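Trainee: Order-wise, the sequence lines are chains A and B. When you line the first sequence up against this note's numbering, it's residues 78 to 419, in that order. When you line the second sequence up against this note's numbering, it's residues 78 to 419, in that order.
In case anyone wonders, no lab produced these hints; they're calculated from the structure. Predicted model only: the values in this text are computed from it and were never measured. Every residue gets a Cβ at the ideal spot worked out from N, C-alpha and C, and that includes glycine. Among these hints, one or two may not hold up.
Claimed, not checked - Examples of chain A residues lying across from chain B (beta carbon under 10 Å, computed):
no. : residue
1   : Gln82
2   : Phe135
3   : Gln139
4   : Ile150
5   : Ile151
6   : Ile175
7   : Ile193
8   : Gln330
9   : Ile333
10  : Glu358
11  : Val360
Next come the chains, spelled out residue by residue.
2 protein chains.
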Amino acid sequence: MNKRQTTLKDLAEKLNVSVATVSRALKDHPRISQKTKEAVWQLAADLDYEPNQLALSFRNRQMNAIGVVVPKIIYHLYATAISGIEDYANAQGYNIIICQSNESMEREKAIINELITSQVAGFIISLSSETNNFDHFTRLQKKGIPLVFFNRECEDVDADRVIIDNFQASYDAVDHLISTGCRRIAYMGGPAEVQISNHRLKGYQKALADNGITVDERLVQHCEFDKESVLSHARRLVYGPQPPEAILAFSDQIAINTMIACKERGLKIPEDVSIVGFNNEPVTELIEPPLTTIDQPGFLMGKTAAELLVRQIENSDTVIKPEKRILSSTLIIRKSTNRNRL
Amino acid sequence: MNKRQTTLKDLAEKLNVSVATVSRALKDHPRISQKTKEAVWQLAADLDYEPNQLALSFRNRQMNAIGVVVPKIIYHLYATAISGIEDYANAQGYNIIICQSNESMEREKAIINELITSQVAGFIISLSSETNNFDHFTRLQKKGIPLVFFNRECEDVDADRVIIDNFQASYDAVDHLISTGCRRIAYMGGPAEVQISNHRLKGYQKALADNGITVDERLVQHCEFDKESVLSHARRLVYGPQPPEAILAFSDQIAINTMIACKERGLKIPEDVSIVGFNNEPVTELIEPPLTTIDQPGFLMGKTAAELLVRQIENSDTVIKPEKRILSSTLIIRKSTNRNRL
DNA sequence: GCACACTGCGCAACTGTTTGCACAAAAATT
DNA sequence: AATTTTTGTGCAAACAGTTGCGCAGTGTGC
Numbered sequence: 078m079n080k081r082q083t084t085l086k087d088l089a090e091k092l093n094v095s096v097a098t099v100s101r102a103l104k105d106h107p108r109i110s111q112k113t114k115e116a117v118w119q120l121a122a123d124l125d126y127e128p129n130q131l132a133l134s135f136r137n138r139q140m141n142a143i144g145v146v147v148p149k150i151i152y153h154l155y156a157t158a159i160s161g162i163e164d165y166a167n168a169q170g171y172n173i174i175i176c177q178s179n180e181s182m183e184r185e186k187a188i189i190n191e192l193i194t195s196q197v198a199g200f201i202i203s204l205s206s207e208t209n210n211f212d213h214f215t216r217l218q219k220k221g222i223p224l225v226f227f228n229r230e231c232e233d234v235d236a237d238r239v240i241i242d243n244f245q246a247s248y249d250a251v252d253h254l255i256s257t258g259c260r261r262i263a264y265m266g267g268p269a270e271v272q273i274s275n276h277r278l279k280g281y282q283k284a285l286a287d288n289g290i291t292v293d294e295r296l297v298q299h300c301e302f303d304k305e306s307v308l309s310h311a312r313r314l315v316y317g318p319q320p321p322e323a324i325l326a327f328s329d330q331i332a333i334n335t336m337i338a339c340k341e342r343g344l345k346i347p348e349d350v351s352i353v354g355f356n357n358e359p360v361t362e363l364i365e366p367p368l369t370t371i372d373q374p375g376f377l378m379g380k381t382a383a384e385l386l387v388r389q390i391e392n393s394d395t396v397i398k399p400e401k402r403i404l405s406s407t408l409i410i411r412k413s414t415n416r417n418r419l
Numbered sequence: 078m079n080k081r082q083t084t085l086k087d088l089a090e091k092l093n094v095s096v097a098t099v100s101r102a103l104k105d106h107p108r109i110s111q112k113t114k115e116a117v118w119q120l121a122a123d124l125d126y127e128p129n130q131l132a133l134s135f136r137n138r139q140m141n142a143i144g145v146v147v148p149k150i151i152y153h154l155y156a157t158a159i160s161g162i163e164d165y166a167n168a169q170g171y172n173i174i175i176c177q178s179n180e181s182m183e184r185e186k187a188i189i190n191e192l193i194t195s196q197v198a199g200f201i202i203s204l205s206s207e208t209n210n211f212d213h214f215t216r217l218q219k220k221g222i223p224l225v226f227f228n229r230e231c232e233d234v235d236a237d238r239v240i241i242d243n244f245q246a247s248y249d250a251v252d253h254l255i256s257t258g259c260r261r262i263a264y265m266g267g268p269a270e271v272q273i274s275n276h277r278l279k280g281y282q283k284a285l286a287d288n289g290i291t292v293d294e295r296l297v298q299h300c301e302f303d304k305e306s307v308l309s310h311a312r313r314l315v316y317g318p319q320p321p322e323a324i325l326a327f328s329d330q331i332a333i334n335t336m337i338a339c340k341e342r343g344l345k346i347p348e349d350v351s352i353v354g355f356n357n358e359p360v361t362e363l364i365e366p367p368l369t370t371i372d373q374p375g376f377l378m379g380k381t382a383a384e385l386l387v388r389q390i391e392n393s394d395t396v397i398k399p400e401k402r403i404l405s406s407t408l409i410i411r412k413s414t415n416r417n418r419l
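Work out the full structure, taking the sequences as your base and the hints as a guide.
Mentor: Here it is in structure tokens:
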């Protein structure tokens, strides 16, 4: 047990050559004789030599690893995005170190600090809902560490970003609701600090305006992600004098908890109220009624982010203009909005 | 941009002392004068010095990182277990590198190899469903690299493991079904190679036997995890001449797809057939009817695994006898098994 | 006045790998 | 035969940090 890994030195000593020669032989350097090379290859195979990645990273002053910081991996979007990142990163020879900020800015800062000192090659980040200060990102940029945002991005930092068009997605969803005859449409948004929630709010407002519907501010709620917060905000909507005919939610989880509040109030879905979620989590097609929702290309999002990051890492000498990739999302229409058109 | 991180050497040169002195001053070594220490601390703060973890890891011949290998992070159990691992590991100063085997043994082997060369401090692993050869684990043990299994373990390898009592959990579930008056009880198992599925099968069989019910082999199915496979096996059960009165499934996903097959056949749940799942995924309380299921302590499982691993890492000189931690699971009774007792 | 202890700091080795340079021997060219 | 080129190999430095040891210089005790 506890046998040390075979090193170049081990091979060199057994063969009575220098470490440098062994290193070059393994790389098939032209200046090493065929005879020496073959001896080295043979022994390396016998002793199961594998280069020590840690030593290599140290020498290159950089780990072959990418730091991935997401709010929570149990959110389906992040779990799938991580698969996309892993897929591409591994193919390019990078490991990924996944960290959860748990929606805490302090945690996010600590993670980034920790990973900087570990010399990760770059970062792929989706902001915590709390994050309202961006010093830790500008710090990355000052140090020249590659950075890509995805999904929850940071507009004040000039970095690569991969997102969907949240404005348009929510516009389309509201448009769909209007087309089924709804006019009193509510928006159950996420925390007010979450930018993408506000982008969706804008899309919602624009769609209403474009259809000649005045926005009723009482129909716009901002809730936290926990069940209790959603329920209490949803109750404000459905127990009011004029419950909405439709509700667009910021996420499927919020939509589902909103459905619970509706059922509690005795409202039938979709007859009394239509509901639209966001993310197309697998659960949405299993519940009753199946939920109309917006499918985000999580895997592709992760993969694209990884591509952008690896491009930055491998061209660290040249300055690349930050790019904004907007992926398309799809409205998946299911029973929860299945009203007869008027 | 691209400013190098401050190193001990930078501090040493500015202060005209040796690197060794700076290193010791930062560690408050008694042999360094107060004056020197203060000068070092001041400059270190000014230049934002942070020790380079990569260099430290290199020197210690080991990364301060733990390799975590799971089948898929989208499975709720693994996502929660990862949170538990991260929670404990971070508190102890370790990062975690999460990799998905995607249920492939080849991928699992490749990941382990890759992480070995990166000199991770240890591994926390849940087997892929395909894994039937354990050389890559015995190899870890020969190299003296700490290893902990959780959930899907490997009985042939003598390592720490954290599991629930799958036999008992499934026994209890079947017992519950019998207590509600069911006698024709089916088992929708996972792939035949997955050990825990077979443990649950044994619990199922024992519970039937203890209640004087003969096991009907036609009521035992082994399916893959994809929806189509589950549906086709479930149909064999429900379209037969004598559909079962109850079905115990290996996972919530399998249970839910089995429910779909039941509904398709016109069977009402729980009136015609009771269903029990496994894992208590959040979706189980949202579907109609809410699913009776077995709650596994995912977070605790991960945390315990991390504890055992860190213990191994930090006592690598002494040999610790591998330990088997069995955590308790809980049967959560919901509507899907709510029949009147006979 | 001499031995001894203590104080404050630097030297050097070590971790595994790569790579520019040097240098000898062999081969090729004058 | 003398020079140049080519070939095959080794030396040493570099990456950032830690740590045993040594070595001055100062202080203490008898």
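Trainee: So, for every hint listed, does it hold in this structure?
Mentor: Now the hints, each set against the structure:
Taken as an interface hint, Gln82/A checks out: its beta carbon lies about 7 Å from the nearest beta carbon of chain B, inside 10 Å. Interface restraint check: Phe135/A against chain B, minimum CB-CB distance 4 Å, threshold 10 Å, status holds. With a least beta-carbon distance of about 8 Å to chain B, the hint placing Gln139/A at the interface is held under the 10 Å criterion. Hint status for Ile150/A relative to chain B: holds, with the closest Cβ pair at about 5 Å, below 10 Å.
Hint on Ile151/A holds. Least Cβ distance to chain B is approximately 4 Å, under the 10 Å limit. At its closest, the beta carbon of Ile175/A sits 5 Å from a beta carbon of chain B; the interface hint therefore holds under the 10 Å criterion. Hint on Ile193/A holds. Least Cβ distance to chain B is approximately 7 Å, under the 10 Å limit. The beta carbon of Gln330/A comes within 8 Å of a beta carbon in chain B, closer than 10 Å, and the hint placing it at the interface holds.
Using the Cβ-Cβ criterion of 10 Å, the hint placing Ile333/A at the interface with chain B is satisfied: the shortest such distance is roughly 6 Å. Hint status for Glu358/A relative to chain B: holds, with the closest Cβ pair at about 8 Å, below 10 Å. Taking 10 Å as the C-beta cut-off, the interface hint given for Val360/A holds, the closest approach to chain B being about 4 Å.
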